[in-house]
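First to last, the sequence lines map onto chains A and B. With the numbering used here, the residue at position 193 of the first sequence is 193, and numbering never jumps. With the numbering used here, the residue at position 190 of the second sequence is 190, and numbering never jumps.
Keep in mind the hints are simulated off the structure, nothing from the lab. Just so it is clear, the structure is predicted and the values come from calculations on it, not from any experiment. Check each hint, because a few of them may be wrong.
Identical copies go unnamed one by one, so any copy, or any two together, can satisfy a pair.
To be verified - Below, simulated DMTMM-like cross-link-like pairs (lysine to aspartate or glutamate); rule was C-alpha separation at most 25 angstroms, straight line: (1) K249 x D219; (2) K249 x E196; (3) K249 x D144; (4) K236 x D85.
Okay, here's what each chain looks like letter by letter:
There are 2 protein chains.
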Amino acid sequence: MMKLFSGFAVALLATFYAGQSALADPLPSWNDTEAKQRIIEFVETVSDPGSENYVTPSDRIAVFDNDGTLWGEQPLYFQLIYALDRLKQKAEADPSVLSSDVLKAAVEGDLGTVAAAGSEGLVEILNVTHAGLSVVDYQADVRDWLDTARHPVTGMAYDDMIYQPMLELLRYLRDEGFATYIVSGGGLHFMRVFAEEAYGIPPNQVIGSATQTSYEVVDGVPTVMKDGNIAFIDDKEGKPVGIDSKIGKRPILAGGNSDGDFQMLEWTTAGDGPRFGLIVHHTDGEREVAYDRGSHIGKLVRGLDEGPDLGWLIIDMAKDWAVVYPKTAM
Amino acid sequence: MMKLFSGFAVALLATFYAGQSALADPLPSWNDTEAKQRIIEFVETVSDPGSENYVTPSDRIAVFDNDGTLWGEQPLYFQLIYALDRLKQKAEADPSVLSSDVLKAAVEGDLGTVAAAGSEGLVEILNVTHAGLSVVDYQADVRDWLDTARHPVTGMAYDDMIYQPMLELLRYLRDEGFATYIVSGGGLHFMRVFAEEAYGIPPNQVIGSATQTSYEVVDGVPTVMKDGNIAFIDDKEGKPVGIDSKIGKRPILAGGNSDGDFQMLEWTTAGDGPRFGLIVHHTDGEREVAYDRGSHIGKLVRGLDEGPDLGWLIIDMAKDWAVVYPKTAM
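Could you put together the complete structure from these sequences and hints?
And the structure:
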C-alpha cells in the first residue's frame, strides 16, 4: 500500500502548492497601490467561473503595445537606432548608398531633417536597411545587433530594457488563461526576433507594421523576401484593423502608452462585458525617462485627457512600479 | 482507505483508456491504403521524442487550403454563390445596383462574362456584396446565408459539405500537438464564420484573402468596417507571404488541392527536417465531382506533374476515402 499512499501524497502536495501559488503575489514588482488592485480584481473576476463577469478562456485576449509599454523607446525607437546603425555601416562600405538628403541627414544624426521628411523619409531608410534580403537573413542580422549593440544612456542590451512589472503582468494573464499579443507600430519581423524569449510571446502572437514581402525561388531555394515599401502601419486606427485581421476577435484587455494606442484601447473597452484599458504613464525621470504631452516619441495627450473618464487605468510608473528593469536594482 | 483506492482506480482507468485511444484508428474514414499509412508514419515520427525526426510541439504547424481541400468548391466557390445570391437580392430591391455589364451578367448567371472580367470584375461584385458594412454585420449575414442556403446539386447546407477524412486528419494532428491553420484564397471574414464549428479552427488560425478594412467610430460606436477593394489575395505566391505574416514560421505539413496551393507546398516541403505535402485529387465522380487539369475551379496541373517527384502525397479521393461527407453514407 506504500506505493498507493505515496501517489496520494504527491497528489496532495501538488494540490497544496497549486493553492499556494494562487495565493502568492502575482505582481511582486508592483507597489501596493490602486493600480495593482484594479488589475488583480479584473483578472480574478473574468477568470472566476462563479462570477457574473466570467469570460470563457478563448475570449480572454490581451493586447499590448511594445515601444514604451513593454520595453523602452527613448531617446529613439530602438528599431530606428538599429536602422541608423545599419545605414552607417552600409554607407561606410559604399557611400553611394546615401542617395538622398534624408539618408545623408540620417547618418549625420540630423534627426530633425529625418522627422521633417515624414513617412516618405522613413521609407527611404527602410528601403536601404530593411529590404532586399530574405526574412531569415534580416532576422539573423537583427539578432546579431541585439547581441552586440548597447543603449547610449543605460549601456544595457536593448532586449534587457524590458519592464519587469509588465513581464509579470503578461505571465499572470497567461497563468489565468489569457492569450497575450503584441500589437505595435514596431516592425513585425523585427519584434519576432526577441518577443518569444523576452516576453514569452510566440511569432504568431506578434502584430506589427510590415514592409511588403514576396515569395520567390532564389537559386532553387524557396524564400520569403522583404521588399521595400510599407505594406501595413500598425498604429492608431491601424491597431484595431490589425487585431481584426490577425486575431479576429475583440480583446478584453488592452495596454499602451501613447496616443498611437488610443483607438486600440477605445475599441477594446467599448465592447460588451468586462473590459480593461491601461496606459503606462512615463512619470519616472529617475529610473527611466519622464515624458508625455510634449514628446515626439510616445506622445500622450488624449489618453491622459480622456482615458480616466473611459475607465482606463493610468499607471504612474514612479508610484506604481517597485522595479523597472529585470536585471537591475534601479 | 476506500477513498484512496477509488482514486487510484480512476487513475488506472484513465491510463487504460488513454492507451486504448492511442491504439484506436485515428483516421477511420480513410481506406487502408498507402496514403493513410504515409500520413500516420509522418505524424508518429515527428511526435515521437525518441525519433531522429522528432519536431518540438511549437514547430508542429500544419496548413490547409479550404476550397476543394476541406470543403467542396463545385460547381462554383461557395463564397461566390453567396455573393451572387446577395447581388440578386440587392438588385431586386434596387435595380440601380447593377451599374455595370459585369454586375448585370452576374445576376443573369452569365459566369463567362464575369470570368472574362477577371479580378476587376470580382472586385465589382465584392464592392456590392462584401463592402460598406461592419465586419460584425457582414458575418451575421454570412451565418444567416449558411443556415438557409442549400447546394444546388446535393441539397446540403454548404457547411455540411466538409470532407470527413480531412476532419479526422485535422483532429488527429491536433491530438498529436499540431496547430492547424486554414490558408485559403477564400475570404478571411467569410471563413471565420464557420471554421471553428466546422473544423475546430479558431479565428486567429484562419488566413485568407481580405477586402480592406478600416476603424471608425460610427454614431459613437467603435467599429471595424469592411471597405471595398482587395487588400490581400491569399493564393499562389500569396500563401507563403500570408503564412509568414500571420504565423511567422514555416509549416512542416501543408495540404491543398489545386495549383493555387503549389507555392505553399513547395515552401513547406523545402524546409529542413521532416516535411509533408499532400494534395487532395478529386477523382470521385460518383460521390463528389471528378476534376483536375481542365477545370476552371480547382485547376490542378503542376501538382500532378511535379508533386510526386517532390515527395508529395497525391490523395486519390475515390480510392483513399471510405466516406466523403460527415452526415451522409455516400
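Original post:
Should K236 paired with D85 be assigned to within, between, both, or neither, using CA atoms and 25 angstroms as the limit?
Top reply: neither (27 angstroms within a copy, 36 angstroms between copies)
**OP:** Classify it for me, K249 with E196: is the Cα-Cα distance of at most 25 angstroms met within a copy, between copies, both or neither?
**Re:** both (22 angstroms within a copy, 13 angstroms between copies)
**OP:** If the cutoff is 25 angstroms on CA atoms, where do K249 and D219 land: within, between, both or neither? Let me know, please.
**Re:** between (40 angstroms within a copy, 21 angstroms between copies)
Original post:
Which holds for K249 with D144 at a C-alpha limit of 25 angstroms: within a copy, between copies, both or neither?
Top reply: between (35 angstroms within a copy, 19 angstroms between copies)
The structure does not agree with numbered hint 4 stated previously, though it agrees with all others.
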